[in-house]
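*Asks:* Chain by chain, the residues:
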Amino acid sequence: GDSVTQMEGPVTLSEEAFLTINCTYTATGYPSLFWYVQYPGEGLQLLLKATKADDKGSNKGFEATYRKETTSFHLEKGSVQVSDSAVYFCALKGNAGGTSYGKLTFGQGTILTVHP
Amino acid sequence: KAGVTQTPRYLIKTRGQQVTLSCSPISGHRSVSWYQQTPGQGLQFLFEYFSETQRNKGNFPGRFSGRQFSNSRSEMNVSTLELGDSALYLCASSLAGVLVQETQYFGPGTRLLVL
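These protein sequence lines are chains A and B, in that order.
FYI, in my numbering the residues of the first sequence are 1 to 116.
FYI, in my numbering the residues of the second sequence are 1 to 115.
Think of the hints as simulated: they come from the structure by calculation, not from any bench.
Hints are all accurate, no fakes.
Keeping only pairs whose Cα atoms sit at most 30 Å apart, straight-line, the calculated DSS-like set for lysine-lysine is:
{"hint": "1", "chain 1": "B", "residue 1": "Lys-1", "chain 2": "A", "residue 2": "Lys-60"}
{"hint": "2", "chain 1": "B", "residue 1": "Lys-1", "chain 2": "A", "residue 2": "Lys-52"}
{"hint": "3", "chain 1": "A", "residue 1": "Lys-77", "chain 2": "A", "residue 2": "Lys-52"}
{"hint": "4", "chain 1": "B", "residue 1": "Lys-57", "chain 2": "A", "residue 2": "Lys-68"}
{"hint": "5", "chain 1": "B", "residue 1": "Lys-1", "chain 2": "A", "residue 2": "Lys-56"}
{"hint": "6", "chain 1": "A", "residue 1": "Lys-77", "chain 2": "A", "residue 2": "Lys-60"}
{"hint": "7", "chain 1": "B", "residue 1": "Lys-57", "chain 2": "A", "residue 2": "Lys-52"}
{"hint": "8", "chain 1": "B", "residue 1": "Lys-13", "chain 2": "B", "residue 2": "Lys-57"}
{"hint": "9", "chain 1": "A", "residue 1": "Lys-56", "chain 2": "A", "residue 2": "Lys-68"}
These numbers come from a predicted model, not from an experiment.
Take the sequences, apply the hints, and build the full model.
*Replies:* The structure is reproduced here in structure tokens:
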């Protein structure tokens, strides 16, 4: 079945540091890939997505490129801010017919803490 | 456009009781999915409803059930609550839930504590 693996966390950075959160996946066919962010006490917000190989999703300074050859979708940001502190989830939506309907498969989440 | 809403936001129940959670999707969205989030297991897919029919389900016991109404609002029910059911329950909606590129939009969740 589909699976998503995120880098072990948590990640602690100083403000303006470079961020990378690794994400690799296993899926049949051509899934879509997503990054969601969860702030304390809230639900998940879509950060960015990519729907086909070599697509780059970007939003609020965050970027991720869909790499089919390495089955990866790593999240990057050039200069993090304190307000970026949150939990980040990599997810995929497969295209295996009925078993994919309405289903996202998530990684385990990475806690990011940014210090001033 | 209003986002996904979930009620109640917090619940405290005791073992053996049952609970019903409610979710109202974004207007025009007909697919509603439910997820359980726990520190140990992370985010796990419970089930998905479309046009009042359950189309997909995850690997949860039969104590977990749901339904969807003609206005796309959905409820999930957990019967005979166990301590391990304590979790954040998230609802998400999307247009139809079929296309691989569809985005799911999440509600704020209902935090259930079972004592």
